[in-house]
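Novice: Here is what each chain is made of, one letter per residue.
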Amino acid sequence: MSLMVWIEKQRNLIDFVLSSLLRRKGKNFALIAAYILIVFVLASVMFLTHALKREASIVLRGAPEIIVQKMTAGRHDLIPKTYARQIEKIAGVSSAKTRLWGYYYDPLFKANYTLIVPELFKYEEGGIAVGEGVTRAGVTAEGNIMPFFSSDGKLMNYRIREVLPADSELVSSDLVVMSEADFRGLFGIPEGLVTDLAVSVGNPQEVLTIANKIKQQYPDTRPVIRDEIIRTYDAIFDWRSGILLVIFSGALLAFIIFSWDKASGLSAEERREIGILKATGWETSDVILMKFWEGLAISLTSFLVGLLLAYIHVFFTSATLFEPVLKGWAVLYPSFRIVPFISAYQIAVLFFLTVVPYTTATIIPSWSAATVDPDLVMRT
Amino acid sequence: MRKSAIYLTITVINIALCSALFMHAAVRRKDAGKELASQANIVKEYQLTDLVLFTEARYTRHPSMADLNTPFQDYPFSFEHFPSGSLMPVPPGIRR
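Line by line, the protein sequences are chains G and Z. Heads up: the first sequence begins at 1 in the working numbering, then just goes up one per residue. Heads up: the second sequence begins at 1 in the working numbering, then just goes up one per residue.
In case anyone wonders, no lab produced these hints; they're calculated from the structure. This structure is a prediction, so every number in the text was calculated from the model and none was measured. It is possible that part of the hints are untrue.
[Unchecked claim] Subject to a maximum C-alpha distance of 20 Å in a straight line, what follows is the list of computed PhoX-like cross-link-like pairs (lysine-lysine):
(1) G/25 with G/97
(2) G/262 with G/25
(3) G/53 with G/70
(4) Z/44 with Z/34
(5) G/25 with Z/44
(6) Z/30 with G/53
(7) G/53 with Z/34
(8) Z/3 with G/9
(9) G/27 with Z/3
(10) Z/44 with G/53
(11) Z/34 with G/97
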């Protein structure tokens, strides 16, 4: 059979399939809508988690190599500065810097901020730099005064000197950056104590050894290494765990039920149609080919449309439909544009999870109907 | 026009749009270099350890810094107080 004849045969089959699908317009459009929705949810979850995971791994590469926390009675406690000087003496440690940071709950706007003291703060005392999310939650702007209640109940006013760049919201949205004196004054933290230590190591391959040495030398500390920080985000955004698995498995289960319904049998009308086709001279292989095109017409169209919508949802609207779930009770929620890290692997996984099972599920019952005597099929 | 021609045209348009998305993704990734560098600079400058995703509880704001017993300490009979706490699996460092 020449190629042209083969193509013409396939086109005739597609014409026939489309006419047959359009005869049951309502049912088939509902089917396509449900199918698109499932692909959309699955693809949105996959796109969002993969992109955030990649972004976290790139951005957090600059995080401190080892963070040393002090534990007291099983809880994170302030660490004396003297620990830093001792840790610096460990062979292989290039520096042990102190970090001062904490949380502040703003009772006025019911938002939580992360207060942080940088190594070098470019503004004088009384000045602060804030993330975009803070200006949104606190309905404020650069140049305005921001009130805070100190640990002894006094009202402290700080002037916003800078709003951190909007394109860094994923890491800076809730930050309030201030001087050391202001931070200590606000929380009443005595000189000589800091929140934790950031340890730098000369040779990256020695990080684990040095973390173990710190733990041995100071059993009341807990070193957290950068690899662990990055692995944390791998675990959070792994689509096989957490709530994402719940969303994912919900959609997948819906899809399995959907395919199972299709695979478990044909409607009486569809069986009669196959019987008539067989009686008019169609081969079993033609019927199977016709059903293959039917499955593909529905699943491929739904897959492509679902994929397009998911991409627009995640990368153009910042996954706006998932926002209520991700936001929880938080008042302050970063508004960030997700960088589209997508891969052919993700598309292939989605394709094999959706199009292949559905198309197979359409062919199998038709094959069993097509192999039965047409007279019998038409009578049942 | 034959129905098959309409269907094949729609499918080709869909495939072309999907390919355009890949191209858009590639262009955005290239442009995002500045954005990612700005984030990485802030992480380095302020010695940050976590992304701002969930600001409602300290163990979801800084999951990598969460201690071993924080998740269950809010009040008796409360396994999880904040919605985001149930969205987020336990960090591997804690399970170690």
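Novice: Hint by hint, note whether the structure agrees.
Specialist: Against the structure, the hints:
A threshold of 20 Å between alpha carbons decides the hint, and for residue 25 of chain G with residue 97 of chain G the separation of about 68 Å lies outside it, so the pair is violated. In summary, the hint linking residue 262 of chain G to residue 25 of chain G is supported, as the alpha carbons are separated by about 17 Å, within the 20 Å threshold. At most 20 Å may separate the alpha-carbon atoms for a hinted pair to count; residue 53 of chain G and residue 70 of chain G exceed this at roughly 29 Å. Taken as a hint, the residue 44 of chain Z and residue 34 of chain Z pair is honoured in the structure, with Cα atoms around 15 Å apart against an allowance of 20 Å.
With a CA separation close to 58 Å, the supplied pair residue 25 of chain G and residue 44 of chain Z exceeds the 20 Å bound. Taken as a hint, the residue 30 of chain Z and residue 53 of chain G pair is honoured in the structure, with Cα atoms around 18 Å apart against an allowance of 20 Å. For the proposed pair residue 53 of chain G and residue 34 of chain Z, the alpha carbon gap of about 18 Å is at most 20 Å, so the pair holds. As the CA atoms of residue 3 of chain Z and residue 9 of chain G are separated by approximately 14 Å, the hinted pair is consistent with the 20 Å bound.
Restraint check for residue 27 of chain G and residue 3 of chain Z: the C-alpha separation of about 19 Å stays at or below 20 Å, so the hint holds. Taken as a hint, the residue 44 of chain Z and residue 53 of chain G pair is honoured in the structure, with Cα atoms around 19 Å apart against an allowance of 20 Å. Restraint check: the Cα-Cα separation between residue 34 of chain Z and residue 97 of chain G comes to about 28 Å, which exceeds 20 Å; the hinted pair is violated.
The earlier numbered hints that this structure contradicts are 1, 3, 5, 11.
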